[in-house]
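Start from the sequences and build out the full structure, keeping to the hints where you can.
Going down the list, the protein sequences come from chains A and B. For the first sequence, position 77 matches number 77 in the working numbering, and the numbering has no gaps at all. The number in the working numbering is simply the position in the second sequence, starting from 1, with 589 added.
Derived EDC-like pairs: lysine to aspartate or glutamate, alpha-carbon spacing no greater than 20 Å straight-line: (1) Lys794/B - Glu176/A; (2) Lys701/B - Asp177/A; (3) Lys737/B - Glu176/A; (4) Lys160/A - Asp727/B; (5) Lys701/B - Asp184/A; (6) Lys737/B - Glu168/A; (7) Lys701/B - Glu176/A; (8) Lys178/A - Asp154/A; (9) Lys701/B - Glu180/A; (10) Lys178/A - Glu705/B; (11) Lys294/A - Asp33/A; (12) Lys737/B - Glu180/A; (13) Lys737/B - Asp177/A.
To give a feel for the contact side, a few chain B residues facing chain A, derived at Cβ under 10 Å: (14) Phe649; (15) Tyr729; (16) Cys748.
Hints in this document: simulated from the structure, not taken from any laboratory. Positions of the beta carbon are idealized from the N, C-alpha and C atoms, including for glycine.
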Amino acid sequence: MANASVLSGKPGIAGELENRFPSGILAVQPTRDDVPTLWVSPEQARAVLSYLKKDAPQPYRMLYDLTAIDERLRQNRQGQPASAVSLVYHLLSFERNADVRIKVPFMSETPSAPTITDLWANANWYERETWDMFGIRFEGHPHLRRLLMPPMWDGHPLRKEHPARATEMGWFQLPEDKQEAAQDALQFHPEEWGMQRSEDDRFDYVFVNLGPAHTGTHGVLRLVVQLEGEAIVDIVPDIGFHHRGAEKMGERQTWHTYIPYTDRVDYLQGLLNELAYVQSVEQLAGIEVPDRVKVIRVMMCELYRLANHLVWYGTFAQDVGALSPVFYMFNDRERIHHIAESVCGARMHPNWFRIGGLAHDLPDGWDELVRQFVDYFPKRLDEYDSLVMQNPIFKARTVGIGAYSLDEAIEWGVTGPGLRACGLEWDLRKKRPYSGYEHFDFDIPTATHGDSYDRAVVRIEEMRQSLRIIAQCLRRMPSGPYKAHHPLTTPPIKERTMHDIETLITHFLGVSWGPVIPAGEGGVPIEGAKGQVTYYLTSDGSQTSYRTRIRTPSFPHIQMVPFISRGELLSDLVAILGSVDFVLSDVDR
Amino acid sequence: MPWWRSDSAHTPLSAQADAAHTDASYERSTVEAVQGSVLLARLQDLIAWGRKNSLWPLNFGLSCCYVEMATSITSAYDIARFGAEVVRGSPRQADVMVVSGTVFIKVAPIIKQLYEQMMEPRWVISMGSCSNSGGMYDIYSVVQGVDKFLPVDVYMPGCPPPPYAFMESLLLLQEKIGHQRRPLSWMFGRQETQPLMMPSKRDEKQAWRSQQTDYPSIDTLPITDALFRRPGERRPGEKSPNPRRPTGG
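Right under this line is the structure:
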């Protein structure tokens with residue numbers, strides 16, 4: 001497409017689109033993360049998206065994210081078309097190893113847009129979420145109803161006029177009538193979801209309600225399963241029981257004091273959340289962190305990846321009936337938590353990364369702790385192989401269960417081990433290295449069948465690769481400062497705080513009012529334990545974020561569960577849920 | 590003295606009569622002889638002892654705290670040491686509900702439903718800051734503390750509380766249950782037996798407590814602590830009453 005680029009004068013996909021849709025492209029917006037961001041008129045948006053998915057050379061086949069921004073209070077919008085509420089589509093091309101962002105402006109405060117559920121299967125939930133949070137209608141959506149908030153909720157929480165605090169909204173009470181109304185609202189009506197009851201008098205489907213308080217659903221997830229005998233005909237997931245308003249919280253907390261909230265987005269992967277957030281803020285602020293910070297971050301993140309995978313491993317084995325492995329694996333997780341506690345002072349929610357560095361340096365003796373673990377753990381992994389992976393019952397329960405092809409995975413927005421289990425060698429640590437991953441020697445494990453067993457195989461090999469990375473950190477830990485020399489490092493380097501009054505004032509302002517991050521947009525995607533995580537941050541040049549969008553992997557993964565469970569048995573559903581590895585806080589945020 | 594051992598079955602009556610008149614060694618030897626064979630106790634103490642050492646938690650988790658609660662079941666912490674490892678999936682079989690995590694507006698009716706399905710006596714441990722007060726989530730979707738609609742027996746601070754904090758709260762609950770009085774169920778009325786209404790003070794004060802906005806500062810806590818003690822009661826490890834502290838009663 002070199003020709004096209006010459007015509008418009010702009011390289012890459014922006015030029016391609018401007019040539020093909022000369023009237024549709026309203027503006028090209030520069031962003032901090034250099035993802036081509038194009039404003040497209042509402043009339044042409046669907047055609048542009050369809051072109052990008054189907055007709056463009058090296059197409060953008062994955063709908064990575066879909067969200068909106070309430071622009072009404074935003075001040076720094078130079079060069080962007082006028083808009084009250086904007087839709088943001090984020091697409092990903094594996095062939096190009098590139099992203100594109102399509103923004104659609106709407107002047108109406110309660111706009112409607114055509115649905116793209118026929119283009120991408122996973123647009124279904126994203127559009128429902130956007131309707132729920134922003135009040136944007138999607139014409140032609142099959143079930144446009146609230147996704148995260150309770151059905152009788154009033155208002156759309158991420159709009160700027162909606163109150164953020166519970167304490168602004170009056171006293172919470174749960175009298176008998178409200179309790180009964182809420183229980184009635186939970187009653188499932190198959191007809192509302194287009195599910196047919198049987199026309200045969202002698203036979204009817206069984207609708208089984210699993211959750212939200214169920215031991216097999218790993219948290220407050222509700223699944224209504226339509227059964228024909230024991231076989232699954234369809235599933236309707238009901239989520240939102242764990243919606244903590246993390247995105248709205250980002251508009252209230254300062255850039256600095258939002259870090260502990262990121263820990264709790266996926267509460268099993270601890271520092272990996274913080275890495276995704278802190279790197280995005282550093283990109284907006286233009287901070288380059290020292291090498292020692294990068295290596296320490298990599299080491300701690302890989303430890304948390306191990307901790308996450310250990311929980312998944314144990315509970316997955318438990319789900320299919322192996323009751324003892326979880327005890328071994330939680331013990332090993334305790335060893336990781338012991339290291340984390342020594343380094344960060346906390347177990348699950350370390351709150352240890354800072355904008356521009358770390359809270360403090362590694363403690364004396366950290367290397368001995370990590371070395372002991374690196375020496376100890378490989379033997380345990382071998383033991384678990386024989387205990388779980390070679391176990392014939394485990395194999396019988398997982399091989400061939402919940403399989404999907406690579407095309408289906410891309411269609412549904414699957415990332416992380418679930419994608420690699422289909423044979424695609426796609427790991428952001430290799431493909432778009434961040435935090436110095438390009439200097440580490442490790443492999444991307446893949447598998448071919450895309451079933452529950454292969455997803456397990458990939459994760460277990462990933463644990464071995466994580467150990468390799470940790471061992472390299474141990475051998476080659478650089479010396480140097482643990483914070484960047486940058487005016488927006490929060491809080492600034494302690495020695496300087498104690499030395500000159502300017503840094504002391506900066507410290508004080510940074511932790512009380514918050515650092516002022518320059519206006520701009522961007523996000524650094526990282527390879528989280530469960531898949532790709534992006535904190536897509538919009539700064540309006542103040543101490544708080546104007547819009548914090550958290551793209552989490554569990555959300556599309558859970559959306560896919562009905563698709564991969566159809567035709568399997570009810571007992572297989574538990575194995576599928578275990579193999580998907582999700583956390584409800586990561587789904588609902 | 591709540592219990593007392595006695596014996597008479599294995600010693601001939603004549604010997605008993607002789608020994609009773611002669612020396613003190615009789616009492617000691619008979620006590621030793623039957624130790625472990627007869628146990629006399631007040632019924633309410635026996636019931637409380639049994640209850641506190643076999644608390645069955647409901648298998649119900651909300652968020653991060655539940656992972657730490659589950660960790661306390663595993664072998665490094667081993668909650669079986671306190672008789673609380675029998676985690677039940679059904680609320681009808683469970684004694685104690687651990688509200689482990691953030692209480693969302695969407696999930697509150699379900700928590701209440703589960704609580705109402707539990708058989709009495711039932712207890713509630715509020716695990717973690719979110720469940721105690723909303724914690725760091727003063728946000729539109731979160732109830733600011735489970736005590737807005739449930740009575741709570743033990744509040745456990747932390748975000749999340751580590752497994753050892755969970756075990757500590759379990760011990761606190763055990764201590765509370767160990768002091769509970771015998772639950773009288775029926776009494777004779779004028780014409781028939783009637784159930785004895787003994788409403789729980791915890792439930793009675795629930796509405797008033799959940800409306801509290803002013804709390805005593807840290808400095809005043811020892812006094813309230815003393816007020817809640819029974820006369821002469823001492824905390825484990827406390828040698829003598831602190832003369833600076835007013836003793837309650």
